[in-house]
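J.: Residue numbers (the working numbering), protein chains in the order written: chain A, 55 to 393; chain B, 55 to 393.
Rather than coming from a laboratory, the hints here were simulated on the basis of the structure. One or more of the hints may lead you astray.
[Unchecked claim] Ranges of calculated distance between the beta carbons of each label pair, as one might list FRET restraints:
#1 B:M55 - A:P185: 54 to 62 Å
#2 A:L101 - B:T294: 53 to 61 Å
#3 B:F94 - A:G242: 55 to 63 Å
#4 B:R358 - A:P192: 19 to 27 Å
#5 B:L145 - A:A318: 55 to 63 Å
#6 A:A341 - B:V194: 33 to 41 Å
[Claimed, not checked] Facing chain B, from chain A, some residues (calculated, C-beta under 7 Å):
#7 V194
#8 T198
#9 L200
#10 T209
[Stated by the list, open to error] List of simulated lysine to aspartate or glutamate pairs, EDC-like, C-alpha gap at most 16 Å:
#11 B:K389 - B:E258
#12 B:K83 - B:D99
#13 A:K170 - A:D159
#14 B:K170 - B:D159
#15 B:K170 - B:E138
#16 A:K224 - B:E138
#17 A:K224 - B:E144
#18 B:K224 - A:D142
#19 B:K224 - A:D159
#20 A:K83 - A:D126
#21 B:K224 - A:E138
#22 A:K224 - B:D99
#23 A:K170 - A:E122
#24 A:K224 - B:D142
#25 A:K84 - A:D126
#26 B:K83 - B:E292
#27 A:K167 - A:E122
#28 B:K84 - B:E292
#29 B:K224 - A:D126
Since we're looking at a predicted model, the values are computed, not measured. Beta carbons: idealized from backbone N, C-alpha and C, even for Gly.
Protein chains: 2
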Amino acid sequence: MKLLITGGAGFVGARLARTLLARGTLAGKKIEHVVLADQFAPPADLLADARVSARTGALLAQCAALAEEGFDGVFHLASAVSGECELDFELGLRSNLDSTRHLLDAFRLQLSKGGKVPTFVFSSSVAVFGPDAGVPMPPVVTDTTLPAPQTSYGTHKLMCEYLIADYTRKGYIDGRSARLMTVTVRPGRPNGAASSFFSGIIREPLAGVGSVCPVSEDVRHPVLSPGRTVEGLIATYEATRETLGRRLAFNLPSLNVSVGEMLAALARVAGPEVRARVTFQRDERIAGIVANWPTGSVAGTAARLGLKADDSFDDIIRQYIADCRATPGGEAALKGLAA
Amino acid sequence: MKLLITGGAGFVGARLARTLLARGTLAGKKIEHVVLADQFAPPADLLADARVSARTGALLAQCAALAEEGFDGVFHLASAVSGECELDFELGLRSNLDSTRHLLDAFRLQLSKGGKVPTFVFSSSVAVFGPDAGVPMPPVVTDTTLPAPQTSYGTHKLMCEYLIADYTRKGYIDGRSARLMTVTVRPGRPNGAASSFFSGIIREPLAGVGSVCPVSEDVRHPVLSPGRTVEGLIATYEATRETLGRRLAFNLPSLNVSVGEMLAALARVAGPEVRARVTFQRDERIAGIVANWPTGSVAGTAARLGLKADDSFDDIIRQYIADCRATPGGEAALKGLAA
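Using the sequences provided together with the hints, build the complete structure.
T.: Pasting the structure below:
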């Protein structure tokens, strides 16, 4: 089988590609070819795999050519992040709404020329939820909580969920939308996501660097490790339509945790001196966005698919440390850990 | 003030224009100019009003020019109907999704050049609702029932609701979305809407013509008269942001009525011989679409705005008869009524 991963050079996309290549099969079929479409080139280890090809460039310009290649399945992860889209409205429209629309239409056109109906997994987001005057947001959101996005990012993700449901109803794709929780701990540099600090307050101290937390310790949020997130995307792909039921968008599992609990876990796993590298300084812009996000989530469909959240935030930190150690040169990210 | 009505030559649009011109004011301001944009020319009586101009052509091609004209307010009613969009997927995308997006972006661009922030009333639809495996659709939907559209028409209307909420949050427009109930009794010919028969089973018998009802007598549905619908659109325009609250999309009031009750009202108002012109023959395509629609609705925000549904379906039929009599040549539509 031949798979497309958009955003395939990104953190989640590359991890998904590695996991799929290591498994060798998806939905009972042998994976013969994985195409990674991204505006950046994929990591070298992926390019070294004979099954991998890269299509580098803006997704919007690539949709038609990608659809013409023909794919059994698509993981559509490419996305501009929430903070970026709040600063650049047109970037959000282009990257998160138009690109998805064009990709769907390219596959629809290809189908009319005799192409296949691809399984299409869309990475939506917990950012579709928000407070609402009509229905106060419950402390914990579910698959059927009324969405009320408070960012352009969340708005476009939600619009695409509904678009994908309609293209699926019409038989153009076999679509499903997994709402990702905040993925933490992300490696590398902070990104433009308003949620970036949820990784930064763990990653920076482990690297021996100070980190400023822009919200207070009692802020609660649903998070999931990169490993569990990739597991969720794969299970979403493999789920039968019968298991999914009529509603094709659902929340991945989450660990609902406060900033204070995250930092307590950091102290337990890495020591109090690592924890002490985190200080607090409120950033009104970030705090304002985060205040409109859910404080927790409960999985419905995802639980039926057998998916589970990480057992503890300690486990999430341990996963990050193990990942760094398994990556060539990754030890540099753990300079702050006592030997 | 200067107003734009898209779909301004259509049935609801033309009635809205007439009502606005007769009032002379909107939101306390004098109406100086009303632009009717439609693919068809507006009715002659509207063109005869010195305050009215027509912009005839496809909306998608007119968005930029319209925004450059500058408007204090917009009623965006232009839409392809549900049945048409089920038969022609691209028509729905173009007419109901892309046109709205382009119109919004044209106003956003104009604002960046020093234009005004228009009040923007969008006619959404009760078709955003549908049955859902996760949450069974309640017998009666409310403003905060989880939408689950089962047609492309409902999907695009819902997507536009969320788009309009986001453009409003960003300050590009002052948007609000009124979800129209099925407007009945519509004059003229059947249209491509799956709900067309809700007018046909009243209009045709009154004209002395037989009408075939494609669903059974016990099908229940939320309807509203043209007069109350126009009243709702105007109140939606005039509502303060404070009254609307945070959720900008809401259901107009409705009379929740069964086909049998509609026909009983027809017998009361027009006589049993008129009622007898309606026969039943199930149309699976129409019945399938209608089966996925709500059987009733309750107004929340609309009730706070002081809006009410018609008192009875008898009143709705009487409104239609009075409208026909008030229209030059309209008596022809009442040939089936005993003198």
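J.: Each hint needs a verdict: does it hold in this structure or not?
T.: Against the structure, the hints come out as follows:
A C-beta distance of roughly 33 Å is found between M55 of chain B and P185 of chain A, which places it outside the suggested range of 54 to 62 Å. One distance hint, 53 to 61 Å for the beta-carbon pair L101 of chain A and T294 of chain B, holds here, with the actual separation near 58 Å. The beta-carbon spacing between F94 of chain B and G242 of chain A, approximately 57 Å, falls within the hinted interval of 55 to 63 Å. Between R358 of chain B and P192 of chain A the C-beta distance comes to about 23 Å, which sits within the given range of 19 to 27 Å.
Range check, L145 of chain B to A318 of chain A: Cβ separation about 57 Å, and the 55 to 63 Å hint holds. As the Cβ distance of A341 of chain A to V194 of chain B is approximately 39 Å, the hint placing it in 33 to 41 Å holds. Annotation: interface hint on V194 of chain A violated; nearest CB of chain B at approximately 16 Å, more than 7 Å. Interface restraint check: T198 of chain A against chain B, minimum CB-CB distance 4 Å, threshold 7 Å, status holds.
With 7 Å as the threshold, the beta carbon of L200 of chain A comes within range of chain B, its nearest partner Cβ sitting at about 5 Å, so the hint holds. A distance limit of 7 Å between C-beta atoms decides the matter here; for T209 of chain A the minimum to chain B is near 4 Å, and the interface restraint holds. Restraint check for K389 of chain B and E258 of chain B: the C-alpha separation of about 10 Å stays at or below 16 Å, so the hint holds. Of the pairs offered as hints, the one joining K83 of chain B and D99 of chain B is violated, with about 23 Å between alpha carbons and a cut-off of 16 Å exceeded.
At roughly 13 Å between alpha-carbon atoms, K170 of chain A and D159 of chain A fall within 16 Å of each other, so this suggested pair holds. Between the alpha carbons of K170 of chain B and D159 of chain B the distance comes to roughly 13 Å, so the proposed pair stays at or under 16 Å and holds. Simply put, K170 of chain B and E138 of chain B have alpha-carbon atoms about 35 Å apart, too far for the 16 Å limit, and the pair is violated. Under the criterion of a C-alpha separation no larger than 16 Å, the hint pairing K224 of chain A with E138 of chain B is consistent with the structure, at around 14 Å.
Our distance criterion of 16 Å between C-alpha atoms is met by K224 of chain A and E144 of chain B, whose separation comes to about 12 Å. Distance hint between K224 of chain B and D142 of chain A is fulfilled; the C-alpha atoms sit about 11 Å from each other, no more than 16 Å. For the proposed pair K224 of chain B and D159 of chain A, the alpha carbon gap of about 28 Å is over 16 Å, so the pair is violated. Annotation: proposed proximity of K83 of chain A to D126 of chain A holds, straight-line Cα distance about 10 Å (limit 16 Å).
Among the hinted pairs, K224 of chain B with E138 of chain A is consistent with the structure: their alpha-carbon atoms are about 14 Å apart, no more than 16 Å. Simply put, K224 of chain A and D99 of chain B have alpha-carbon atoms about 42 Å apart, too far for the 16 Å limit, and the pair is violated. With a CA separation close to 10 Å, the supplied pair K170 of chain A and E122 of chain A stays within the 16 Å bound. Between the alpha carbons of K224 of chain A and D142 of chain B the distance comes to roughly 11 Å, so the proposed pair stays at or under 16 Å and holds.
The suggested pairing of K84 of chain A with D126 of chain A holds, with an alpha-carbon distance near 11 Å, which does not exceed 16 Å. Only pairs whose Cα atoms come within 16 Å are accepted, and K83 of chain B paired with E292 of chain B is accepted, the gap being roughly 11 Å. In summary, the hint linking K167 of chain A to E122 of chain A is supported, as the alpha carbons are separated by about 10 Å, within the 16 Å threshold. Distance check on the hinted pair: K84 of chain B and E292 of chain B sit about 13 Å apart at the alpha-carbon level, within 16 Å; holds.
The hinted pair formed by K224 of chain B and D126 of chain A fails the criterion: a straight-line CA distance of about 39 Å is larger than 16 Å.
In summary, the numbered hints that this structure violates are 1, 7, 12, 15, 19, 22, 29.
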